[in-house]
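Participant: So the sequences go chain by chain: E and G. Counted the way the numbering used here counts, the first sequence spans residues 214 to 675. Counted the way the numbering used here counts, the second sequence spans residues 6 to 277.
There may be inaccurate statements among the hints.
In silico SDA-like pairs for lysine to any residue, Cα to Cα no more than 20 Å straight-line [claimed, not checked]:
| id | chain 1 | residue 1 | chain 2 | residue 2 |
| --- | --- | --- | --- | --- |
| 1 | E | K485 | G | A77 |
| 2 | G | K118 | G | T166 |
| 3 | E | K485 | E | G536 |
| 4 | G | K118 | E | V553 |
| 5 | G | K118 | E | R551 |
| 6 | G | K118 | E | A585 |
| 7 | G | K118 | E | D559 |
| 8 | G | K118 | E | A665 |
| 9 | G | K112 | E | A569 |
| 10 | G | K118 | E | M572 |
| 11 | G | K118 | E | G583 |
| 12 | G | K36 | G | E82 |
| 13 | G | K118 | E | V667 |
| 14 | G | K118 | E | E570 |
| 15 | G | K118 | E | R669 |
| 16 | G | K112 | E | R551 |
| 17 | G | K118 | E | P568 |
| 18 | G | K118 | E | P554 |
| 19 | G | K118 | E | I666 |
| 20 | G | K112 | E | P554 |
| 21 | G | K118 | E | K485 |
| 22 | G | K112 | G | G59 |
| 23 | G | K112 | E | G536 |
| 24 | G | K112 | E | V553 |
| 25 | G | K118 | E | A569 |
| 26 | G | K118 | G | R137 |
Worth flagging that the hints you see were computed from the coordinates, not collected in a lab. Since this is a predicted model, take the numbers as computed values, not measurements.
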Amino acid sequence: MTGYLFLTIIAFSLAAFLTGRAAARRFAAEGRSGRPAAHSVPAYHGAFVAIWVGIPALILALLWRAAEGPVIDRLLARALPPEMTAGLSPAALDLLLTEIHHVAEGRILAPASPGVIEAAARLAAWSRIGDVAMFVVVLALMLLGAWFACARLTPRFRARTRVEGALSGLMILCSGLALATTLGIIVSLVHEAVAFFRLVPPGEFLFGLVWEPQIATRPGQIAAEGAFGAVPVFLGTLLISAIAMAFAVPVGLLSAVYLHEYASPRFRRVAKPMLEILAGVPTVVYGFFAILVVAPAIRTTGTMMGLATSPNSALAAGLVIGGMIIPFISSLADDALRAVPRDLRDGSLAMGATPAETMTRVLLPAALPGIAGGILLALSRAIGETMIVVMAAGLIATMTLNPLDSVTTVTVQIVTTLVGDTAFDNPKTLAAFALGLVLFLVTLALNTIGVAIVRRYRETYE
Amino acid sequence: MNQSFQTHVAPIGAAAAKISTRGVDVFYGPKQALFGVDLDIPRNQVTALIGPSGCGKSTFLRAINRMNDTIAGARVEGEILLDGENVYDPVLDVVELRARVGMVFQKPNPFPKSIFENVAYGPRIHGMARSRAELAEIVVRSLRRAGLFEEVKDRLDAPGTSLSGGQQQRLCIARAIATRPEVLLMDEPASALDPIATAVIEELIDELRANYTIVIVTHSMQQAARVSQRTAFFHLGRLIEDGPTAEIFSTPRRRQTEDYITGRSAAQRPGP
Numbered sequence: 214m215t216g217y218l219f220l221t222i223i224a225f226s227l228a229a230f231l232t233g234r235a236a237a238r239r240f241a242a243e244g245r246s247g248r249p250a251a252h253s254v255p256a257y258h259g260a261f262v263a264i265w266v267g268i269p270a271l272i273l274a275l276l277w278r279a280a281e282g283p284v285i286d287r288l289l290a291r292a293l294p295p296e297m298t299a300g301l302s303p304a305a306l307d308l309l310l311t312e313i314h315h316v317a318e319g320r321i322l323a324p325a326s327p328g329v330i331e332a333a334a335r336l337a338a339w340s341r342i343g344d345v346a347m348f349v350v351v352l353a354l355m356l357l358g359a360w361f362a363c364a365r366l367t368p369r370f371r372a373r374t375r376v377e378g379a380l381s382g383l384m385i386l387c388s389g390l391a392l393a394t395t396l397g398i399i400v401s402l403v404h405e406a407v408a409f410f411r412l413v414p415p416g417e418f419l420f421g422l423v424w425e426p427q428i429a430t431r432p433g434q435i436a437a438e439g440a441f442g443a444v445p446v447f448l449g450t451l452l453i454s455a456i457a458m459a460f461a462v463p464v465g466l467l468s469a470v471y472l473h474e475y476a477s478p479r480f481r482r483v484a485k486p487m488l489e490i491l492a493g494v495p496t497v498v499y500g501f502f503a504i505l506v507v508a509p510a511i512r513t514t515g516t517m518m519g520l521a522t523s524p525n526s527a528l529a530a531g532l533v534i535g536g537m538i539i540p541f542i543s544s545l546a547d548d549a550l551r552a553v554p555r556d557l558r559d560g561s562l563a564m565g566a567t568p569a570e571t572m573t574r575v576l577l578p579a580a581l582p583g584i585a586g587g588i589l590l591a592l593s594r595a596i597g598e599t600m601i602v603v604m605a606a607g608l609i610a611t612m613t614l615n616p617l618d619s620v621t622t623v624t625v626q627i628v629t630t631l632v633g634d635t636a637f638d639n640p641k642t643l644a645a646f647a648l649g650l651v652l653f654l655v656t657l658a659l660n661t662i663g664v665a666i667v668r669r670y671r672e673t674y675e
Numbered sequence: 006m007n008q009s010f011q012t013h014v015a016p017i018g019a020a021a022a023k024i025s026t027r028g029v030d031v032f033y034g035p036k037q038a039l040f041g042v043d044l045d046i047p048r049n050q051v052t053a054l055i056g057p058s059g060c061g062k063s064t065f066l067r068a069i070n071r072m073n074d075t076i077a078g079a080r081v082e083g084e085i086l087l088d089g090e091n092v093y094d095p096v097l098d099v100v101e102l103r104a105r106v107g108m109v110f111q112k113p114n115p116f117p118k119s120i121f122e123n124v125a126y127g128p129r130i131h132g133m134a135r136s137r138a139e140l141a142e143i144v145v146r147s148l149r150r151a152g153l154f155e156e157v158k159d160r161l162d163a164p165g166t167s168l169s170g171g172q173q174q175r176l177c178i179a180r181a182i183a184t185r186p187e188v189l190l191m192d193e194p195a196s197a198l199d200p201i202a203t204a205v206i207e208e209l210i211d212e213l214r215a216n217y218t219i220v221i222v223t224h225s226m227q228q229a230a231r232v233s234q235r236t237a238f239f240h241l242g243r244l245i246e247d248g249p250t251a252e253i254f255s256t257p258r259r260r261q262t263e264d265y266i267t268g269r270s271a272a273q274r275p276g277p
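Using the sequences and the hints, build the whole thing.
Facilitator: Printed below as a string of structure tokens:
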């Protein structure tokens, strides 16, 4: 039903566009030759009418859909015989309503009581009435919009300006949506994190040195006591990110410099897309690579040198994550270098500087903002990486900075504490949100610091 | 063969020349941009290269300090002698050559560094100063010689890009002369500047002549007449005529030169 409604709205908008355009063409033809008869070309008149037909109808349909469910539910609950609802808690009432919905939609899981079947019939009837009413009202609104818009079409009507206004409104809406998403994430994180901090004191979470979230989720289960000290987890993230960056930044930067300054155009044409493919490989595949190739290699080498090496090591995960983020750094650094005016390069070479001197003294400083942007992006990817760590570095939170030990990271712990069926009033589940919140704040701080550093040291060129 | 195109007025002779070129051909990939250019450029004089756009004068200029090497597919044949030494000799160090032959570009291109660091760039990379004080002395001397010092002496730490266009170009000249080059190549150094800044640059070029051999590419006939002692006219990749500036402008030997200098196009010329 809803699908048909939206198709109808689209069809009507299209018809409105054609009508408006045809009307505008008529008065465009009446004008004297040699000068435009109307303020706007016919397509703008058509678009203006289409906007008045489509947009209000769309908004109304969406609002109707959003409001219909709760209203019908309310009416349904009131129409239930009192003996069915007597003494029911709100949650139990919800459950009853859900059952009625299921029966009405034909998804019967268990034999329903006669009261429920009767209510389901009522619900189906009401829904049908609601749908028809919505259809009629939306149709009427579209006709009203068409009449209103068509009445305003004259040669002097500034349809172009109106359409422009509607378009900028659309853009504001889109950017607002992105902003609302961010806000929504923050609000949900803070809300659940506050619930967590009511169960576990913030001091213990932030400075505790033991992380053992595997607590009993139902009475009688045998499990750990539970300890929520996040320091080892953050230490793990720090260690793995540091290894990844220590590997990726030099390799990425130097390969960008090579591609930009030394490589032949033909090599560059082949190599750059290949580097960029690396960024598109799913991280699970990197995880396979880490456990099957890198981790065993590190273990063998470590054993040969007489070092105690865990089969899951931070080094393996860090190196593979480093490999994954190389393309971010090299590709963005290459773009930044290419954006530096050729004049500067020529100027330096003409001073008798070697290509390497030109690179380190002129091109890299000039390209610094872009390069730093790439590094920050890569760092956020390294900090947020989950799958590779799960597969290659392990799940146990060890309080260590030894790259050969197995460690775990914040994102991995978020996943492991959230999977499984646990209630939302359990500290184990809520810990995920607290970790998420702190991680969010840490990355935010990193980005802010990075931007400040760039602003301080950037060398601007025209 | 190409000699027939050229009329050497008052030949200065290879011995007196700072730079002399013999049969210089330049190719950009399959396209030939210069055809057998023979030109002697005298010491401590300003030589102007004139000619219509695309005639190869900038290409010729960039061949002297081997900046064409930085363009993929560019190839230079023939001899360019700097004090009798071929600059395309494989044993010659191109980095050293460019330290001896400075260049100023059409568009001012100060590095995105401070005024001080811009001028100190060359001395630093060539290790010309043993101490910070010595470096500062070179910078001040170069800025002074470029006529910029008085204007910027209180803000040597300000970015070079914060200067006006004319000041930026003088900064680039100061940067070029800080390495004490013997030759200064200037590729339309005033074409992006207003008349007042142009006049300042032209005056500066005249002063610099005492210490440097200067080759300047220009589109402005007046500028060539004002600043140069010798002029070379290029057309379609060939050197048509060269000689003392006064003679080139008053009594050009070849009709193409005369047409160009007087601003007549080939279409306006009466038939032969």
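Participant: Checking against the hints above, which ones are violated?
Facilitator: 9, 21 and 23
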